[in-house]
Amino acid sequence: MELTLWTYEGPPHVGAMRIAASMEGVHYVLHAPQGDTYADLLFTMIERRDRRPPVTYTTFQARDLGGDTAELVKSSIAAAVERFQPEALLVGESCTAELIQDQPGSLAATMDLGGIPVVSLELPAYSKKENWGGAETLYQLVRGLLKAQVPPPGEPKPDPTRWRAEGRRPRVNLLGPSLLGFRCRDDVREISQLLAGYGIDVAVVAPLGARPADLMRIPTADANVSLYPELAGPVCSWLERSFGMQMVKTVPIGIGATAAFLRELHGVLGLELPAELETAADGTCAAERRSRLPWYSRSVDSTYLTGKRVFIFGDATHAIAAARIASRELGFKVVGLGSYSREQAREVRAAAQELGLEALISDDYLAVEAAMAEAAPELVLGTQMERHSAKRLGIPCAVISSPLHVQDVPARTSPQMGWEGANVIFDSWVHPLMMGLEEHLIGMFRHDFEFVDGHLSHLEGASAPAKHPTATATATAPAPASIPGDGVIVWSPDGEAELAKIPFFVRGKVRKNTEAYAREQGLALIDSEALYEAKAHFAP
Amino acid sequence: MGASSVIGDMTTGLAEQPPLQLFKESGQREVFCGLTSIVWLHRRMPDAFFLVVGSRTCAHLVQSAAGVMIFAEPRFGTAILGERDLAGLADANDELDRLVKDLLERRPEIRTLFLVGSCPSEVIKLDLAKAAERLNTQLAGRVMVLNYSGSGIETTFTQGEDQALLAMVPLMPSSEVDQLLIVGTLADAVEDRLVQLFGRLGIPVVTSLPPRRSTELPPIGPGTRVLLAQPFLSATARALVSRGGQLLTAPYPFGVEGSRAWMAAGAAAFGVAPALVAEVLDPLVERGQRAIAPHRELLAGKRLFLLPDSQLELSLARFLQRECGMELVEVGTPYLDRQLLDAELALLPPGTRITEGQDVERQLERVRAERPDLVVCGLGLANPLEAEGIATKWSIELVFSPIHGCDQAGDLAELFARSLRRRAALSFS
Ligand code: SF4
Ligand code: SF4
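Here the protein sequences line up with chains F and W, keeping their order.
Read in order, the letters of the first sequence are residues 1 to 540 in the numbering used here.
Read in order, the letters of the second sequence are residues 541 to 969 in the numbering used here.
Please keep in mind that the hints were generated in silico from the structure rather than gathered at the bench.
A portion of the hints provided could be inaccurate.
As the list claims (entries may be wrong) - Simulated pairs of lysine-lysine, PhoX-like, Cα-Cα distance not exceeding 25 Å:
{"#": "1", "chain 1": "F", "residue 1": "K128", "chain 2": "F", "residue 2": "K333"}
{"#": "2", "chain 1": "W", "residue 1": "K564", "chain 2": "F", "residue 2": "K74"}
{"#": "3", "chain 1": "F", "residue 1": "K128", "chain 2": "W", "residue 2": "K665"}
{"#": "4", "chain 1": "F", "residue 1": "K333", "chain 2": "F", "residue 2": "K74"}
{"#": "5", "chain 1": "F", "residue 1": "K157", "chain 2": "F", "residue 2": "K128"}
{"#": "6", "chain 1": "F", "residue 1": "K333", "chain 2": "F", "residue 2": "K391"}
Stated by the list, open to error - Incomplete in silico selection of chain F near chain W, CB under 10 Å:
{"#": "7", "residue": "I46"}
{"#": "8", "residue": "R52"}
{"#": "9", "residue": "R63"}
{"#": "10", "residue": "A80"}
{"#": "11", "residue": "E98"}
Unchecked claim - Derived coverage of chain W by chain F (criterion: at least 3 residues anywhere in the stretch with Cβ under 8 Å from a Cβ of chain F; other residues may be distant):
{"#": "12", "segment": "568–577"}
{"#": "13", "segment": "910–923"}
A virtual CB, placed ideally from N, CA and C, is assigned to each residue, including glycine.
For reference, chain W alone in the conformation it holds in the complex (with noise of 0.2 Å):
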């Protein structure tokens, strides 16, 4: 364990400019798995149920992500193998028939169930793909039976959310409707924003996946122009291209800058006038970085590491290094993949580095030692590097905070001014 290689330099966009200095990294990773992203889409799909088939470890990974339930009966849940389940696969799946008789029988108010793979059903190999078509044969049309797997050995956090998605894009019904098609989960506020503010630019149609009811399915086709709203849905990209979808190239919707960007490319995708798109979004620009102006006197300067987590990393040091004016110590990701990242890695600064993978040990010895003003990590992470006196923020709160668009930009520079606003405010003497 604890290789750490140089993988090349890799030039970006820009021939004239310097390298990013690209690292790969093998170790113990200290990542959520899949699962985690039921936290967030379940909230988004309230007529859907997820079913975790896995352990009690799986069972407690996502009721402690979501923190203590406040709900009378959440719509997720773990099908928890037993010894019997392990005995005899045959069993396993008649117990599995029956546990999601009673479960939809006490629940008429699902109308899709997502049976979600665990590290232990792959690895005695419960094919939950066969279960699905199974149900689904049994359940004719009542209930719609999807699986996907947020198992830990095959998905990190966000990947989960992908593969959810994946699951989902056979349904969507062909069509050759000329549309912008949003993927990702966005908070609705978030959401109904931007699909106004495309109508402003005079793409008729926006459709999102996934879709607030799990039965509302938006088409795919042709005249579909696919923009992604995270740039950790790979899987489900390339399934809507292979239906026909055009994939837009942008960076992420996160700060004023990669917000008007990736709404640039929608409008561009539909032939929208650039005069058109200035009009209506330059006043939002321009009054996104008055809200990020006074975070920005804070954070300008200051020395920011983010550990490999939600996948979001690349796009938040890409805001917060050339909107919020900090600098780049490291950034890590979970994973990098390059199609869905380009347009990100052309805005970094010359020389960052970054880090694919993870030997968590020797990743904080790099944090001592650099000794940034910020790093930005996991929950496991985060006190232990606050008693070292190194500043912190936590990145599960920004897969579960409305961030996107220009409308956010303040919100997202102030979750990271906060961690420093609150340390300079502290003071016991």
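Isolated chain F (complex conformation) (with noise of 0.2 Å):
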């Protein structure tokens, strides 16, 4: 038993019913009682979706379980065979139903629904979460209907460059979009079109837009890009023991990311490698000019970001490619690397190593934003939740992962991935933190005459800038310091008054450093002169 006051993943069914509604053709029975018909709103919400998920629940009730909860299913998977004509059924059970063992799966084999595929679900509620549901989702399904095509073992493996054998293009798979993942649409849309710059067409997209008969034509690419491995991760293995498809793996969120995905990909598929993709003497390539984040970063006018401290949540994709964007491409310093995917919290672990971070892997948003207290960033980049927790501690914040809100699907185009998305996330990380700055600059002009009071910036009051870095400070009695050591530590009016004038951001970690700098030097009173030693002691 563990107690939940907030969770970042819903159940595994709710994975299973993200399968369901990005694709086409597929209805979803799901034995569940009323109050699971919730996640429906998560879709017509918080995506917007103009038409309910494919799903029908047989929203058994108390009374029917002396009787015959069988019977129900059995009814509502003839109900909704019938009413919706689906080209593949999903069947499966939400918490409640898998202690009740109807075996919805195994009812549905003994009924006759026409020969459409029938795809039974076991998704473990007790123990698993929702990318975990919507990744096995995925592979069972993709794995039931390609059984058939399965090549016999032994048999050659497709080559992955026989397209030129063929006369046609190279051509390979996106797997992984769904709704509810974090800009899918987009990034489709972007990798698309990355990829028809080089010649290569996209065979199936899947799940989001995809019907069962396009996932039977999964085998006819030469490739698979696993776009998001959370969810494409299982399927996209079995795809390579089953069909010998290769997986390109490369996440291209990013600069060296994008370049680094298209030359895999070229490698996979026994591409030329474009001169544009090579590598040049100083690591760049030309390619990455196709983005306007290398030269905004490197622009003057961005010298402020350096070493900007920022503390990463979110799931381990985004997480990770973040990661690397802050540290690499935008010249920021990772104070905090964490993600809620346990799945995926190997990859979490080696990319926080490399920047000399331990990962944080939690599903308590508790204990994320208290590790984000402690780290003292200047930048969060996470979740609606790490959002909600960077505006209780006045830090800038901008949204980088799943869970969704409904401002997270935006009317305009904003994909994550390939240039435009690093376009994207150079304006939404870099924009909060100005936004912080500006903050910060109001607490200071905010005693000169022409300051007008009552202006509001985008942090909503979030933050309470310097109250008192004038005369005033002078009249206050000294504090004693908030921490416990030997002895009472004392902040003089004076030295009250210098740590006012720090950006209210950094404030409370320099208050933490100057008193640990003062109890290790046996001193009583901080007075500005102890703080600006302090500062010196902590200096890089």
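From the two separate chains plus the hints, produce the assembled complex.
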């Protein structure tokens, strides 16, 4: 039993719903009580879908439990098949139905459903979560549909360069994009265009927009691109094992990753690497000029970004990508990296280690908030929940990952992947940072007569800018330090005044460091001098 | 599934009126479960914590219904059952005790802890009543532990509040005192206003269940007149009656007509002279009608279809038909408690089609066939219907917004008019 106040991921059957709702021609019969129909609103409200997810719930009640819930499952399946005429049917159960063990999958197998493919989903609700459920569903569905096509063992693997002999353009599948995934809709468009530019076609995008018949065409492609490993990992591995289809693993988020992705893809497909993708002596390539991020980042205007402390938390794919972009492409200092994706914990840990950090793998948002406060970042890159935590701490934040809020499904095209994705990332990360700086300037100048009080910025009053940077501070009695030590440490009025001049988003950290320094030095009073001493002491 | 039957015509209180048409339907229901009511109950009682004992689905439902969290630490949470808990109930009980202890240590401000049962906890027969008893002994009065079920196999949406209040009834002190007890969560400002108005009517003591502080439960006894502010509190009402309370029947306080009749019922129970009632309430009614008027202009003659969701459907239908001039196509309700809704049924126009229960696909077929001007429905259905060109009003807003009383009647009408007004305001040519 585990206390959860808020959860990053829903139960595994919500992952299955994401697959079903992303596709066309698939219907999902879910053995579940009425309350579980809440999940429809994730699609109709957050994604603003214009139709209900293709899910029939049995909505069994307590009074059904004594009777025949199995009969209810069967009649629900029959009614759903008749009404929706799906091309493939998913059958499964939510947490409660798992306990009553009606085994809807086996029940469906006994029914005459006109020969439509039926995939029975077993998603352990008490040990697994949404992304796992989505990945398992995609895998089971693809496997179920492709069973008959699996070449016998020992047969030679298809050559990913066979397109040449067949006299056609190379083609790949984009696997993983789904509803409720972060900017998937726009990433598909961006990556498809990117590939088209290199003469590579997209065979199947799945699950987003695919029909069961499209899934059956998966093996006609020369390779698979695992665009979103959280959902596509298992199915790509299975396709590699069973069909010998190679998988492109680099996720093209950021400049370096997009270039690496293109190189990997060219390598797998046996395409000659275009000159613009070749790495020059200085480590750059000509293709990256298709994005503005590298130049914007080099421009003198961005000097102030240097060493900005960022805290990163999200799903594994986006968190790892963010850490790479932040540290290498924007010149930030990553002071925290973590993810709620336990299945990809290893990758996150490795990425953190490269940055000299220990990864935080947790689905407890309060632990994440505590780590955030401890790291005293100047920018947070996280989920909607980190946005709220950051707001409480007065730190600017940009959202980089699911779980989604309706704001994360913008009207404009706003990818994360490819060259344009890098542009979007530059804007959406740097903008809140500038807002944070302005907030600080407003705090500094609030006593100038030109300053119009009540001017609130985008931070909506989350921060409390310097309250007493002026003479009034001298009147206040010295306050005891906030942390216990050997003896009480006191801030002098001029020490407090000096502290107040420090930007609000690092003030807490400076206060803590200075007090630690004072204790170390056996100082009882922190005046402005001591603060500068401490600052010098802690300077990198 | 998909059974639908006419369970007979029912004659309303007035014998000369043609009957209402009452249908019962069963099939897939598109309704939240009772856990949802935690979203407003926890706001009402800031010293209470609601601990759902359930699954990740339950946790996800409550947070999805509440929208994105903006608070540091919410006063509700879920003890998510793991595989170990399912393997042995003894372990599950120990785990629950440990978890509650940790929680209360971290949240010393909590005075009342509600253990809220869910479908999984009920199916595995985890006895939360026993757990509450055990924890109460351990905690020795420091925190009161109560339990109720918000499970989807037992309760729909607003019934969760009924079960929560029911759990508090046994703790209410007995008293003979003459008092008016308002039952059902109201927005604080609305409650203050109603109490003030009852004061003007000369009713000395007006109390509320749930109270604002979970520890300050109102008394109950033979002097208590029970006035329900919400039409979904059947079990609580019965329990209050069995504690000696006298249940007043009236339409519910939505719109000026309902609000006036509701307050008048309270006044009558204390023998307040009708002249005083008129003196206090009639100006409010008149002002309320003026507030409704601009919305009535828009709503009058428009056809309304209410899908079963919040259990407020019959009361809202009555208000929208009688005070806003709308035509009722169909009024759905998750379930129908005649005792609590007789006064509302009596006010509905003859021939009104009322459906109890739901088969969502068939109901949507009727919506499409009827093409009403406005559909009241849950969040899962609103955008899909809008995309089909049918205007909607989400029902969940109705349980979160202050809509009770004469002073709110204009706002209530506006909630429905807004959907139509917005559509009219948009043009892309
Ligand atoms: S219907 Fe049951 S399982 Fe589903 S959220 Fe409600 S209580 Fe939990
Ligand atoms: S509104 Fe305020 S914070 Fe926002 S850009 Fe203008 S000055 Fe800056």
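Verification of the hints:
| no. | hint | in the structure |
| --- | --- | --- |
| 1 | K128(F) to K333(F) | violated, 34 Å |
| 2 | K564(W) to K74(F) | holds, 22 Å |
| 3 | K128(F) to K665(W) | holds, 22 Å |
| 4 | K333(F) to K74(F) | violated, 57 Å |
| 5 | K157(F) to K128(F) | violated, 34 Å |
| 6 | K333(F) to K391(F) | holds, 20 Å |
| 7 | I46 | holds, 9 Å |
| 8 | R52 | holds, 5 Å |
| 9 | R63 | holds, 8 Å |
| 10 | A80 | holds, 9 Å |
| 11 | E98 | holds, 9 Å |
| 12 | 568–577 | holds (count 9) |
| 13 | 910–923 | holds (count 6) |
Hint compliance for this structure: hints 1, 4 and 5 are not met, and every other hint is.
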